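Protein chains in written order, with this note's numbering: chain A, 1 to 346; chain B, 1 to 346.
Think of the hints as simulated: they come from the structure by calculation, not from any bench.
Since the list gives no way to pick out one identical chain from another, each pair is judged satisfied if it fits inside one copy or across any two copies.
20 Å max Cα-Cα, derived EDC-like pairs, lysine to aspartate or glutamate: (1) K203 - D7; (2) K10 - D199; (3) K48 - D111; (4) K76 - E17; (5) K203 - D215; (6) K76 - E52.
None of the values given here were measured: they were computed from a predicted structure.
There are 2 protein chains.
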Amino acid sequence: MSEFRWDPLKGTWVITENQRLRQPREFIIERQRTSITVCPFCPGQEGKTPREVYALRPGDTQPNEPGWQVRVVPNKFPVLRIEGELNQRSSGLYHSLQGVGAHEVIIETTDHQRSLAQLEVLEISAVLQAYRARLLDLRQDRRFRYLQIFKNHGVEAGAPLPHSHSQLMAVPITPPVIRSELNACLAHYRTTGNCLICDLLAKEIADGQRVVFNDGRFLVLAPYASCFPFELRLFPLQHNHDFALQSDQELIDCARALQEMLRRLFRLLEDPPYNFILHTAPPVPVETTKPGYWQTLASDYHWHIELVPRLSQIAGFEWGSGFFINPLPPEDAARFLRATDPELAL
Amino acid sequence: MSEFRWDPLKGTWVITENQRLRQPREFIIERQRTSITVCPFCPGQEGKTPREVYALRPGDTQPNEPGWQVRVVPNKFPVLRIEGELNQRSSGLYHSLQGVGAHEVIIETTDHQRSLAQLEVLEISAVLQAYRARLLDLRQDRRFRYLQIFKNHGVEAGAPLPHSHSQLMAVPITPPVIRSELNACLAHYRTTGNCLICDLLAKEIADGQRVVFNDGRFLVLAPYASCFPFELRLFPLQHNHDFALQSDQELIDCARALQEMLRRLFRLLEDPPYNFILHTAPPVPVETTKPGYWQTLASDYHWHIELVPRLSQIAGFEWGSGFFINPLPPEDAARFLRATDPELAL
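My request is simple: use the sequences and hints to build the entire structure.
Encoded structure:
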């Protein structure tokens, strides 16, 4: 079983996989691209994945059969496994925790050829509904401190399978990236009474030079301190700490903004590889009046989606310092993207 | 001029380059490999680099002429520039600092074909002497809070030029990675009176399963919470916080351990791309009895070299969470490397 290990010098956690012995040669081969013959995410291949945990089936079709529009299955090669207890262990300066969690795959479309940018708004909103459904289901498990939804698009971004999909990892430790954001939001709330992100959005709208898209409901901007060229963040303008509490209509509005963001990138940068990550408040085990799922903490947080195109490499300086070097000011990135027509010639 | 920008949500700093307007097409092209016709680091091409700031010249030869063994020049395309004041600026929630610093290239050998792993111990120690000389020189500039020495080897690790070289960046902010380590060492010293890294090394030597190499002077190990397969750290066993205070003999001993580490990786993983980073105590502006250079702070720190092979990609989960997933336990990596003969068939 894999485990979480804590580094006493860096104060960070790492997931160490040790489910089978791997040979050095496998790591040499990882530099090559992998190829598969039959796509396990295509309709008709449902038997090649573990049994589905969610599916949007517009017609009256059976689970694990064709007829789905969006399908969620456990990852066949999960980094974290759902069974087991956390079993924290310490040995002097070292600590570890069993690699308990969940690792699911959200198959976004039946069409092997179309990427998320190429889907229609209602199709994208069906993907967001699947995210919401899985968040609401998995937050009932008290072992999970955070539910991380992310998408790797393109081989350079870590997606060896081309069929469009995103992933969900439930983890037993709040991720440090989320913890830092929660702390910053809490500190700002304590000194001002305001949501930090609401204040940032007001400042960005007034300034305007980093805004890519704003339809009054959702806003896409190139962050002031972008780490990478064309890095983008998508925010709801209406304050909400928890993605899972968004209504169907809000998910459609979000899908429209996400489609705008992805299509502008697709056209400007010729379908670049990218990662996006949903940042939302972590669940806490306090049952609400609405039975069946847990309330979340941190109502001073503000959910959003972060997108990082993978156009350049992280090298020794970034790894050793924690400073990133961004060769393109976000004001230029936003200007280029504003001038790009989001209509795809499909 | 480039600038440092602070992210109020993440609490991180980014270097934003804005020295010239770049076009989106340049970022598409970055996915291709670049090629050059004449190597500016080869002997006879000294005029293609800025004028040297250090050179080891065994014979009686002139600066910026052939005859050098190791040569240090300012980077022709520096991320940070040596001229100017810091000029901290704030605008509400955003802060920035001018991109003042230094960016130098250490050309490790005259031979275009040989990598650092292929050099002899005395040749590697000449490279380490160049590191020491540049640290001692640049720490006289009170604007610099840290001097980061690092090496990118191979295209996948961010080295577009194949001629073996490392780099030095002087930065006006202590890097967050170093700050975390200093804080961990200080906290451990306060509660135990000991150096955290000395205590970790004693534990690792007693355990033994993660040790790759130990000649009684320097030790190479696979860290307990390795982020990547075959990640390694090299430590002096004699406590020393400051690389620049190492003697000539200590640099030779260090070169021997570094050569062992690099050659075992070279043989086991067929010359993998890698980054290594020197971690050493930051300089502080307190003049010592030894004139001409500054004492460093943090004598409870312990300098070391961290090496990260670039065999896998960082994807959405790592970027979004701050957790890394390592598919190879460090105990296995150390065992494979111990069993590898460091003698190269050159």
